[in-house]
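> Construct the complete structure from the given sequences, taking the supplied hints into account.
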Amino acid sequence: MDLLERLIPPICALTLSPLLVGIITRTKAVIAGRKGPPLLQLYYDCAKLLKRGVVYSVTTSWIFRLAPLVGLAGVVMISFLLPLGHLSSLHPFGGDFILVAGIFGLMRFFTILGALDTGSAFEGMGASREALFSALAEPALFLGIAALVRLTGQSSLSLIFAAPDMGNWLLAGPVIALVGVSLFIVSLAENCRIPVDDPTTHLELTMIHEVMVLDYSGPDLGIILYSSSTKLWLLLGIVVSTVTPVHFVNPFAEAFAQCLMLLLLGVGIGLVESTMARLRLRSVPALLCGSMVLAVLAIGFVLRTKGAL
Amino acid sequence: MTGPFDLVLAIVVLTNFMTLGSSRLQVAVRNTAVQGCTLGALPLLLVGITGAPLHLVIISVLSTALRGVAFPMLLTRALRDTSINREDNPFCGPLLSMGIGLAILICSFWIAGRLAVEGHAGHAIAVSLASVFTGLFIIVSRRTAISQVLGYITLENAIYILGLSLFSEIPLLVELGVLLDIFVAVFVMGLLTNQLSQTFDNIETDRLNSIKG
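Quick mapping for you: the protein sequence lines, in order, are chains A and B. Under numbering that gives the first Met the number 0, the residue at position 109 of the first sequence is numbered 108, and the numbers go up by one with no gaps. Under numbering that gives the first Met the number 0, the residue at position 22 of the second sequence is numbered 21, and the numbers go up by one with no gaps.
Worth double-checking, as some hints may not be accurate.
As the list claims (entries may be wrong) - A short, non-exhaustive set of chain B residues, derived as facing chain A with CB atoms under 8 Å:
#  : residue
1  : Gly-2
2  : Leu-6
3  : Ala-9
4  : Val-12
5  : Ala-64
6  : Pro-93
7  : Leu-104
8  : Ile-105
9  : Gly-112
10 : Ala-115
11 : His-122
Stated by the list, open to error - Anything over 12 Å on all C-beta distances counts as not near chain A; from chain B, calculated:
#  : residue
12 : Leu-13
13 : Asn-15
14 : Leu-43
15 : Pro-52
16 : Gly-67
17 : Arg-85
18 : Gly-100
19 : Leu-101
20 : Val-177
21 : Phe-182
22 : Phe-186
23 : Ser-209
To be verified - Looking from chain B toward chain A, a few residues come up when the C-beta cut is under 7 Å (computed):
#  : residue
24 : Asp-5
25 : Phe-16
26 : Gly-20
27 : Phe-90
28 : Leu-94
29 : Met-97
30 : Ala-125
Simulated from the structure, these hints should not be mistaken for lab results. Keep in mind it's a predicted model, so treat the numbers as computed, not measured. Beta carbons: idealized from backbone N, C-alpha and C, even for Gly.
Here's what the structure looks like:
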């Protein structure tokens with residue numbers, strides 16, 4: 000039973016993540032007055048792409064073919080490391096969030112290498128932007144989690160999210176709010192959503208993530224689409240676990256509630272994307288710096304609070 | 000933890016950073032207005048809304064009226080009369096300004112952590128220190144008169160936070176005197192902005208150097 004419980008978060012992440020993207024797309028379509036693609040469109044897309052043949056450019060090497068697989072392996076591994084609300088991960092250990100951030104970094108590194116491997120000027124440009132923005136987003140992620148570590152006195156993500164202080168808005172409202180918003184901005188940036196990047200754009204000059212995968216086709220592209228949707232689910236999962244105020248004892252009820260929260264957050268992202276325009280590339284660092292400010296402020300508050308207790 | 004109190008402090012810090020990160024003057028004025036309105040509630044939050052003595056209520060109402068409404072209106076008027084609505088070539092760009100602001104914030108929390116003050120007063124000291132230095136930084140890093148007034152208001156707000164949270168028993172008369180002083184200062188600076196824009200068609204204070212005798 001315990002093992003089954005611990006398998007719930009990865010199973011949810013790996014099966015439901017394309018639905019999250021579907022919900023975001025649907026929300027945007029409804030707000031724009033369109034009907035939009037089916038909610039399960041990404042599942043169909045991935046299934047279709049997996050059946051297709053694959054074309055490799057003659058200038059590419061084995062790195063280009065390895066990159067999507069590293070991405071897939073990365074998200075699967077992270078899904079086993081991240082808790083979902085009060086549901087513990089498979090094997091919580093102290094400092095596991097550093098491993099999580101490291102694997103995200105590894106995935107990004109290989110995506111960038113794969114993009115550079117094609118020798119395309121546009122992909123190189125996208126790779127450089129991806130590297131810059133993620134370098135700015137990572138400190139914010141670490142600072143945000145550091146505030147949570149300090150707040151709860153735990154050093155493993157599973158224990159942090161299961162601690163009584165966590166999600167207790169009466170005890171630590173401002174800190175949770177600050178960290179929640181900061182992590183939300185980080186996950187928007189990491190997943191290349193509006194306002195950092197527009198995932199639906201097809202103008203190479205402004206794209207970040209999409210431009211890096213232009214040369215992939217067939218099963219590789221399917222794997223990339225699937226991994227990026229799972230990455231979105233996992234990062235938003237951290238946000239949801241941070242801000243959720245109530246938890247259930249029953250693991251299935253808890254999993255259901257958390258997944259529901261995540262899908263609701265997907266609607267929220269759809270609203271953000273419908274109402275905001277993509278920022279100019281030059282303004283993105285200021286936004287990420289802002290998320291760093293939120294995290295630093297949260298740490299400041301937590302430091303003083305623990306001193307007073 | 001006193002939730003609402005920390006929330007006010009958080010809003011103060013965030014509005015400071017929004018001012019640092021924006022080059023549009025109207026946005027910066029609006030941030031100051033938000034900050035002023037939020038700070039107006041501070042005296043009441045300190046003692047609880049129901050049990051507030053009369054002089055704190057008066058301070059609260061007057062602060063909101065001046066910091067949250069009157070100053071922004073004055074500055075908006077001054078902005079409307081000039082044709083400049085952006086901080087075009089500040090000495091520090093938005094990103095560098097925010098980075099420096101971040102460094103200031105970290106240093107302030109570090110300094111406040113070394114003082115032997117417990118609880119929410121500790122947060123208030125950190126935030127007001129950060130605001131003081133942010134205000135000073137805005138004054139030295141921007142060129143237009145409006146931005147410098149905003150820096151001055153930020154600086155003054157910081158002193159107000161510090162005073163209120165450390166000595167909640169500030170005499171009404173002192174606080175009123177301070178408010179009158181700031182009002183006159185902002186008023187005069189608004190006039191200065193007007194004069195600048197009429198004389199030079201520009202509101203950058205550097206231009207004042209050219210009329211040196």
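> So, for every hint listed, does it hold in this structure?
Here is what the structure says about each hint:
1. Gly-2: Status holds, d = 4 Å.
2. Leu-6: Holds, because the Cβ-Cβ distance from Leu-6 (chain B) to chain A comes to roughly 5 Å (cut-off 8 Å).
3. Ala-9: 5 Å, holds
4. Val-12: 6 Å, holds
5. Ala-64: 27 Å, violated
6. Pro-93: 5 Å, holds
7. Leu-104: 6 Å, holds
8. Ile-105: 6 Å, holds
9. Gly-112: 6 Å, holds
10. Ala-115: Hint on Ala-115 (chain B): violated, closest Cβ of chain A at ~10 Å, above 8 Å.
11. His-122: 5 Å, holds
12. Leu-13: At about 7 Å from chain A, Leu-13 (chain B) fails to clear the 12 Å cut-off, so the statement is violated.
13. Asn-15: Given that some Cβ of chain A is not farther than 12 Å from that of Asn-15 (chain B), nearest at about 9 Å, it is violated.
14. Leu-43: Non-interface label on Leu-43 (chain B) holds, nearest chain A Cβ at 18 Å vs cutoff 12 Å.
15. Pro-52: The assertion about Pro-52 (chain B) holds, with a minimum of 26 Å to chain A.
16. Gly-67: Answer for Gly-67 (chain B): holds, closest chain A Cβ roughly 21 Å.
17. Arg-85: Answer for Arg-85 (chain B): holds, closest chain A Cβ roughly 14 Å.
18. Gly-100: 7 Å, violated
19. Leu-101: 6 Å, violated
20. Val-177: 27 Å, holds
21. Phe-182: 30 Å, holds
22. Phe-186: 32 Å, holds
23. Ser-209: Label holds. Min Cβ-Cβ 32 Å, cutoff 12 Å.
24. Asp-5: 4 Å, holds
25. Phe-16: Where the cut-off is 7 Å and the nearest Cβ of chain A is about 5 Å from Phe-16 (chain B), the hint holds.
26. Gly-20: 5 Å, holds
27. Phe-90: Violated: closest Cβ of chain A sits about 17 Å from Phe-90 (chain B), beyond 7 Å.
28. Leu-94: Leu-94 (chain B) check passes; min Cβ-Cβ to chain A is 5 Å, inside 7 Å.
29. Met-97: 5 Å, holds
30. Ala-125: It holds, given that the least Cβ distance between Ala-125 (chain B) and chain A is near 6 Å, below 7 Å.
Of the numbered hints stated above, those contradicted by the structure are hints 5, 10, 12, 13, 18, 19 and 27, listed in ascending order.
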